[in-house]
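Engineer: Mind the numbering: the sequence shown is residues 7 to 441 in the working numbering, read in order.
Mixed in with the good hints, there may be bad ones.
Claimed, not checked - Okay, derived cross-link-like pairs now, BS3-like style, lysine-lysine, Cα gap no bigger than 30 Å in a straight line:
| no. | residue 1 | residue 2 |
| --- | --- | --- |
| 1 | K390 | K406 |
| 2 | K390 | K81 |
| 3 | K109 | K245 |
| 4 | K90 | K66 |
| 5 | K109 | K90 |
| 6 | K216 | K81 |
| 7 | K289 | K259 |
| 8 | K90 | K174 |
| 9 | K174 | K66 |
| 10 | K390 | K333 |
| 11 | K109 | K66 |
| 12 | K245 | K216 |
| 13 | K259 | K66 |
| 14 | K360 | K435 |
| 15 | K289 | K216 |
| 16 | K174 | K245 |
| 17 | K289 | K406 |
| 18 | K406 | K435 |
| 19 | K81 | K360 |
| 20 | K98 | K174 |
| 21 | K259 | K216 |
| 22 | K81 | K98 |
| 23 | K66 | K98 |
| 24 | K245 | K69 |
| 25 | K390 | K289 |
| 26 | K435 | K390 |
| 27 | K69 | K168 |
Rather than coming from a laboratory, the hints here were simulated on the basis of the structure.
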Amino acid sequence: MVNDITGVPAFEVLEELFEVLEELAEGREAGGREAGGRETGGGETGGGETGGGETGVGIKREKVVVVQDHYVPSKDVASAEQAKALRDYARKYGIANYYEVGKEGSGICHQVMIEEGFAAPGRLIIGADSHTCSYGALGAFSTGVGSTEAAAAMATGRLWFKVPATQKFVVDGELARFVGGKDIILHILGEIGVSGSLYKSQEFYGTTIKNLCLSDRITISNMAVEAGAKAGIVPPDEKVFEFLQGRVRGDYKPVYADAVGDESDYEAVFEYDAAEIVPTVAKPFSPANTVPASELDVPVDQAYLGSCTNGRIEDFRVAAAILRGRKVSQEVRMIVVPASKRVFEQALDEGLIKIFLAAGAFVCGPTCGACLGGYLGVLASGEKCVSTTNRNFVGRMGHKDSEVYLANPAVVAASAVRGRITDPAEIAKMTKTKV
């Protein structure tokens, strides 16, 4: 999988790779003729492959997914040129799995990969984006790579991997109201830190994880990389199989740990009581700099609901339940960004978009937008934003002197209403209205 940021460099490397392979093939042919008149080389490409000439190597187009998502729609001439270049490459190489702005199935690349049935249990998936680990929520081993590695994989269908050590995370018990997958992963990050799983594979177990909806599991897997993890895997179950029914592309075979009860093969085992996990906020400038939301009373200028981390319909339902009948503070800009066109359409059908608009929020189509400091919500110097996104590094959503506080959708919605970072439970008390 590649997107509008990483796709063009990947295709540029791919074309350079084909040129080198052509030169090597020509050299072999010349050497073969000199040695005895015999011709050598890989023959013609086929089987859904394009490019590479007679090298026997061509783009594995049926396995390639290309998504326009980071600067959607294009915010300036530079991003427009980038989008055009990616569009041209997709046409040149006959990529059928190309997702254009506003078209059916479009959205943020990680949501597209899941919604459109590319991610499935037992699959090995790479993407030229660090949050490719999201698909671990469906039982896939998925991980982010650079554009050069993506190009090599597109050409050969193969890639070198070092097998990572594995850490086991067990969460048991019942979560309190307004606590979800975002709080679980922030709680874990607060304990192990941003290097706690460096080049490790995380596996998530326990009654709490099993009872989570798929969306919450995706949130957890999405942020595994914030601890340096290579992958964040949840063993697939009936919830995953039901989601994939009529959606998945091709066959798949679930893969499970050899001995779930045997912990001797795990590098480390971490156990958590769900009752001890509360609505959690990661303060600047690290996803691991966590505190309970109830301990903060920081005024915010912006509240951001969206991204590949928390831009799904389940997240919107949580936020809408808090915003229904309430208004966003006059001191706050609330920005709502669905993770995909399908999420947008469902939110419209359920009346959630109407609730957001009535509350005074700005709603736009699916895009990565301000999450990476792109646009549609970029922060000015000194501004503070409470956000459902996944990173809060210096300058992540705008000016280097701005601040980002990571939180779950309920905290973001409650903070938008009050104008300050707020535990959602406090909103009902303050407004005397049931949430």
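Engineer: Hints first: check each against the structure and report whether it holds.
Structural biologist: Against the structure, the hints come out as follows:
Proposed proximity of K390 and K406 is supported: the alpha carbons are some 11 Å apart, at most 30 Å. A C-alpha spacing of about 23 Å is found between K390 and K81, which places the hinted pair at or below 30 Å, so the restraint holds. For the hint pairing K109 with K245, the CA-to-CA distance comes to about 28 Å; that is within 30 Å, so the pair holds. For the proposed pair K90 and K66, the alpha carbon gap of about 22 Å is at most 30 Å, so the pair holds.
Taking the CA atoms of K109 and K90, the gap is near 16 Å; set against the 30 Å cutoff, the hint holds. Using a Cα cut-off of 30 Å, the hinted pair K216 and K81 is violated, with the two alpha carbons roughly 41 Å apart. With a C-alpha separation of about 40 Å, the suggested pairing of K289 with K259 is violated against the 30 Å cut-off. The straight-line distance between the Cα atoms of K90 and K174 is roughly 43 Å, outside the 30 Å bound, and the hint therefore fails.
Annotation: proposed proximity of K174 to K66 is violated, straight-line Cα distance about 34 Å (limit 30 Å). Of the pairs offered as hints, the one joining K390 and K333 holds, with about 19 Å between alpha carbons and a cut-off of 30 Å not exceeded. Between K109 and K66 the CA atoms are separated by roughly 23 Å; this keeps the pair inside 30 Å, and the hint holds. Taking the CA atoms of K245 and K216, the gap is near 9 Å; set against the 30 Å cutoff, the hint holds.
Restraint check: the Cα-Cα separation between K259 and K66 comes to about 21 Å, which is no more than 30 Å; the hinted pair holds. Of the pairs offered as hints, the one joining K360 and K435 holds, with about 25 Å between alpha carbons and a cut-off of 30 Å not exceeded. With a C-alpha separation of about 29 Å, the suggested pairing of K289 with K216 holds against the 30 Å cut-off. Between K174 and K245 the CA atoms are separated by roughly 21 Å; this keeps the pair inside 30 Å, and the hint holds.
Our distance criterion of 30 Å between C-alpha atoms is met by K289 and K406, whose separation comes to about 15 Å. Simply put, K406 and K435 have alpha-carbon atoms about 36 Å apart, too far for the 30 Å limit, and the pair is violated. Taken as a hint, the K81 and K360 pair is honoured in the structure, with Cα atoms around 26 Å apart against an allowance of 30 Å. A hinted pair counts as satisfied when its Cα atoms are at most 30 Å apart, and K98 with K174 does not qualify at roughly 44 Å.
Of the pairs offered as hints, the one joining K259 and K216 holds, with about 20 Å between alpha carbons and a cut-off of 30 Å not exceeded. Only pairs whose Cα atoms come within 30 Å are accepted, and K81 paired with K98 is accepted, the gap being roughly 25 Å. Pair hint K66 plus K98 holds up; C-alpha atoms about 13 Å apart against a cutoff of 30 Å. Taking the CA atoms of K245 and K69, the gap is near 25 Å; set against the 30 Å cutoff, the hint holds.
A threshold of 30 Å between alpha carbons decides the hint, and for K390 with K289 the separation of about 11 Å falls inside it, so the pair holds. With a C-alpha separation of about 25 Å, the suggested pair K435 and K390 falls inside the 30 Å cut-off, and the hint holds. Restraint check for K69 and K168: the C-alpha separation of about 22 Å stays at or below 30 Å, so the hint holds.
When held up to the earlier numbered hints, the structure conflicts with 6, 7, 8, 9, 18 and 20 and fits the remainder.
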